[in-house]
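J.: Each chain, written out:
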Amino acid sequence: MLSRVADSIYWMARYVERAENLSRLLLSTQDLLLDAGAEGVDEAQFWQPLLATTGDEDAYFGLHKKVKGKDVTDFLALRSDNPNSMLNSIRAARENARTVRDQISDEIWESLNSLRLFVESAEGKAMHRTQSAAFYERVLRGSYEFQGVADSTTPRGEIWYFLRVGTCLERADKVSRLLDTCSGLSLEMPPSPKARPLRWAALLRSCSAWHAFQTKCSKQDPAKIIEYLLLDETFPRSIAYCVAEAEGALQALCAGAGIQGMPPLLRHVGRLRADLAYTTVEEVLAIGLHEYIDALQTRLNQIGEAIFQTFVLHADLTLPAEEPVPEVVSIPGAYHAHADEDAQIQQQQQQQ
Amino acid sequence: MSSLFNDYQPESFFDEVFSQTRKARTHYGAMLDSVGSLTPSEYSARQKAVDAAFLRQGVTFTVYGDDQGTERIFPFDLMPRIIPQREWETVEAGLIQRITALNLFLNDVYHGQKIINDKAVPAELVLSASHYRPEFRGIKVPHGIYIHICGTDLVRDGKGDYYVLEDNGRCPSGASYMLENRNAMKRAFPGLLQSLPVRPVDAYGSMLRETLAHLAPDSVLDPVIVVLTPGIYNSAYFEHCYLAKQMGVPIVEGRDLIIRNDRVFMRTTKGLEQVHVIYRRIDDDFLDPQVFRKDSLLGVPGIINAYRKGNVALANSIGTGVADDKAVYALVPKMIKYYLDQDPILPNVPTHLGVEPKECEYILDNLDKLVVKAVNESGGYGMLMGPHASKKERAEFGERIKKNPRNYIAQPVLQLSRHPVFVDDHFEGRHIDLRPYVLCGDRVRVVPGGLTRVALKKGSLVVNSSQGGGSKDTWVLWDDPLDTPAETSPAA
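Residue numbers (the numbering used here), protein chains in the order written: chain A, 1 to 352; chain B, 1 to 492.
There may be inaccurate statements among the hints.
[To be verified] With a straight-line cut-off of 16 Å between C-alpha atoms, the simulated EDC-like cross-links for lysine to aspartate or glutamate are:
(1) B:114 <-> B:124
(2) B:270 <-> A:341
(3) B:186 <-> B:356
(4) A:66 <-> A:42
(5) B:245 <-> A:106
(6) B:457 <-> B:428
(7) B:403 <-> B:341
(8) A:70 <-> A:42
(9) B:402 <-> B:356
(10) B:294 <-> A:74
(11) B:245 <-> A:107
(12) B:309 <-> B:356
(13) A:125 <-> A:74
(14) A:70 <-> A:106
(15) B:245 <-> A:102
[As the list claims (entries may be wrong)] With the Cβ distance kept under 7 Å, some of the chain B side facing chain A (calculated, not the full set):
(16) 38
(17) 40
(18) 56
(19) 230
(20) 234
(21) 261
(22) 271
(23) 282
(24) 298
(25) 334
(26) 338
(27) 340
(28) 343
Hints are computed from structural coordinates only; laboratory data are not their basis.
Here the structure is a predicted model, which means the values were calculated and not measured.
The beta-carbon is built from N, C-alpha and C at its ideal position, and this holds for glycine as well.
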């Protein structure tokens with residue numbers, strides 16, 4: 001498979017997962033606010049953590065002075081000047097799908113193309129204005145459809161493994177950010193009139209974990225919730241589960257590429273998987289949830305970089321040159337929010 | 001016949017469906033019965049279903065100058081154009097004759113230049129063509145073929161005679177729409193396709209692949225073929241991707257390719273893999289920043305050396321643009337005579353060359369009657385439609401011609417044939433042309449069909465998609481309906 005195709009498939013899956021997580025986060029925050037509304041709390045304290053989760057506070061405050069629900073939801077959902085908005089994530093997923101259309105099934109392509117047509121449509125924008133929950137649910141369904149057709153139409157080869165790695169790493173990263181928003185909260189569950197205890201329930205909901213957690217633990221103890229989302233080995237959105245899945249897919253990819261021995265990529269992912277398997281929640285809390293997650297995110301990024309090194313950059317070294325090698329114009333990679341304008345113009349200049 | 005065609009007027013043009021006396025041509029009989037039996041709203045519903053499917057499937061082109069990356073479907077008119085077998089036989093023979101002569105000409109121009117030395121064509125005219133690449137003289141290309149894929153534009157005049165308008169021997173586009181249009185018709189009018197002996201076009205992908213495989217060195221048993229695209233911002237990106245998928249070969253961008261030891265490789269997750277044949281949809285100028293435009297971001301540094309050494313084949317070859325020069329086009333009948341000793345089966349449109357002083361004078365005196373075209377432009381750009389232009393426009397164009405007469409040619413305004421096109425709730429006549437696709441590998445093959453392009457604007461003679469054109473499916477029949485008289489009379 002072309003290196004660029006691999007990178008595009010990996011990012012296509014990441015962007016879909018990003019849009020899905022954002023939808024669920026917005027949905028659960030709205031619900032939380034409805035529950036807390038009667039208690040007369042400050043709206044901003046619910047919306048501010050969302051900006052922190054997505055890491056876009058600077059961009060937001062470049063546009064708005066205050067944290068207001070409507071501004072935050074617009075910013076995160078439909079603003080095209082927010083590179084991480086749901087709209088831009090879906091666009092990027094779909095653009096990457098477009099660059100690899102010959103490799104993926106028509107069903108995958110049409111599911112992403114339809115989702116993108118919906119979020120760009122006047123109908124989609126109106127729906128976001130008047131019944132935002134329905135809008136977020138439509139995006140969630142679009143992501144489920146993508147995952148469903150990907151699962152049922154993709155042969156278990158390179159394409160599938162790159163899809164899995166992209167989905168799992170993005171999910172692990174997003175769940176870790178969600179956990180981090182609660183790292184400042186007390187671990188006691190006081191029967192307070194304040195909205196804080198609701199935050200833990202909202203956290204579970206934003207990870208689609210509420211029901212699964214309820215069946216496992218009868219009591220909503222914050223430490224148990226942290227343990228579940230971070231270390232559980234059976235729940236498909238827990239970080240430990242996602243990292244183990246990613247490791248399996250990366251092992252298959254390395255074996256398929258004929259990579260000998262233990263490359264740095266497999267060392268990074270294997271070590272993280274083992275740490276998550278043998279760490280207890282008490283150890284995490286002793287280190288501090290925020291500190292632990294900080295380190296975790298660095299290690300997830302390291303894995304992402306190692307994937308690029310191994311499957312995109314490594315190719316050039318496989319055949320030694322006998323003569324001086326012509327200068328490389330640009331390195332092949334996936335589509336991200338901003339295209340190179342010069343290249344864009346030249347692409348359009350070609351005679352038909 | 002039903003109401004859908006009751007008010008249809010062929011007017012004074014050659015209409016593909018109806019004679020001057022509003023009699024339906026025989027080969028359209030079955031279709032008129034079927035399409036004509038629909039109500040306007042039924043017809044409209046089928047049209048809308050097809051449009052929605054194109055949008056959902058992304059059968060679209062990118063609109064330039066729009067930073068939202070807006071994509072539009074290429075307007076498609078459901079009523080197909082039908083070409084009877086006998087007519088097609090002539091078209092096919094004419095196209096084969098023409099591409100054979102063009103390839104002999106290109107091979108000659110890039111080697112011995114016999115046709116020039118024998119003064120069968122004027123040397124200055126050929127050698128001054130801006131796409132002539134003298135640095136490629138003497139470079140051998142596989143089997144001496146230069147144009148492997150050709151999309152010749154044909155038109156019919158007021159009498160229904162076919163003419164060649166352009167040859168398009170560089171990177172002709174549109175084949176994917178020919179294939180997708182047929183798929184759309186299968187869904188919109190399944191019964192009709194079944195009842196008529198329509199020749200299939202879906203072998204195009206495998207024919208294209210065979211044509212490209214023919215270019216690989218004989219020593220390579222299983223050649224690696226790729227489609228080289230400028231990228232997703234090119235308006236024809238959908239087509240590049242579609243054709244790659246039809247052929248089952250990778251689609252690559254310049255940055256996916258790398259040169260090692262004068263061979264071309266693609267970067268894969270498993271390391272470098274050698275490429276033998278490239279169907280490139282990038283212009284010569286952008287192919288290699290070490291040889292052509294230094295600022296090219298689309299090309300592959302070093303690819304021309306690999307090409308010169310015969311380590312990779314390009315389709316189409318480099319330098320075919322010399323035959324696309326509209327002044328050189330005027331010489332094709334002479335090429336056919338010189339190389340094949342035949343008369344052209346498909347005539348050229350009479351062409352006046354700006355470079356000939358007497359003809360230039362004629363052009364300048366008759367600007368109001370002629371179509372003037374810049375020799376290297378395409379897509380309907382750089383042209384003057386004399387009769388429709390204002391005095392000021394004509395005067396300005398006249399100045400340009402005087403400054404650089406070599407750059408212009410002029411032709412009489414042909415009254416292109418018309419075809420019924422669905423407008424709102426009824427049919428109206430619109431001008432059309434035909435772009436069939438010719439493939440030149442171990443033999444020359446013409447796909448039985450092509451892209452019928454439609455000038456959707458009322459009265460317009462410009463069919464290019466960049467100028468508001470649309471398209472139709474083109475049905476070539478296996479055999480002609482013989483049991484009916486030449487023309488059937490429509491019911492009152």
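J.: Could you check if residue 338 of chain B really has its C-beta closer than 7 Å to a C-beta on chain A?
T.: violated (28 Å)
J.: Quickly compare the C-alpha distance for residue 457 of chain B and residue 428 of chain B to 16 Å and report which way the hint goes.
T.: holds (11 Å)
J.: Hold the hint about residue 56 of chain B up to the distance rule: shortest CB distance to chain A must be less than 7 Å.
T.: Check passed: Cβ of residue 56 of chain B comes within 6 Å of chain A, closer than 7 Å.
J.: Is the hint on residue 230 of chain B kept, meaning its closest Cβ partner in chain A is under 7 Å away?
T.: Check passed: Cβ of residue 230 of chain B comes within 4 Å of chain A, closer than 7 Å.
J.: With a cut-off of 7 Å, does the beta carbon of residue 234 of chain B approach a beta carbon of chain A closely enough for the hint to hold?
T.: Status holds, d = 4 Å.
J.: Does the closest beta carbon of chain A sit nearer than 7 Å to the beta carbon of residue 282 of chain B?
T.: holds (6 Å)
J.: Between residue 270 of chain B and residue 341 of chain A, is the straight-line Cα distance small enough, at 16 Å or below?
T.: violated (31 Å)
J.: Would the pair residue 70 of chain A and residue 106 of chain A pass a check requiring their Cα atoms to be no farther apart than 16 Å?
T.: violated (37 Å)
J.: Under 7 Å is the threshold here; is the Cβ of residue 334 of chain B close enough to any Cβ of chain A for the hint to stand?
T.: violated (25 Å)
J.: Per the CB criterion, is residue 261 of chain B less than 7 Å away from chain A?
T.: The hint holds - residue 261 of chain B has a Cβ within 7 Å of chain A, the shortest such distance being about 5 Å.
J.: Hinted pair, alpha-carbon criterion (16 Å max): residue 402 of chain B, residue 356 of chain B. Please report holds or violated.
T.: Holds, at about 12 Å.
J.: Can you confirm whether the C-alpha distance between residue 245 of chain B and residue 106 of chain A stays at or below 16 Å?
T.: holds (11 Å)
Checked against the numbered hints above, the structure violates hints 2, 3, 7, 10, 12, 14, 16, 17, 25, 26, 27, 28; every other hint is satisfied.
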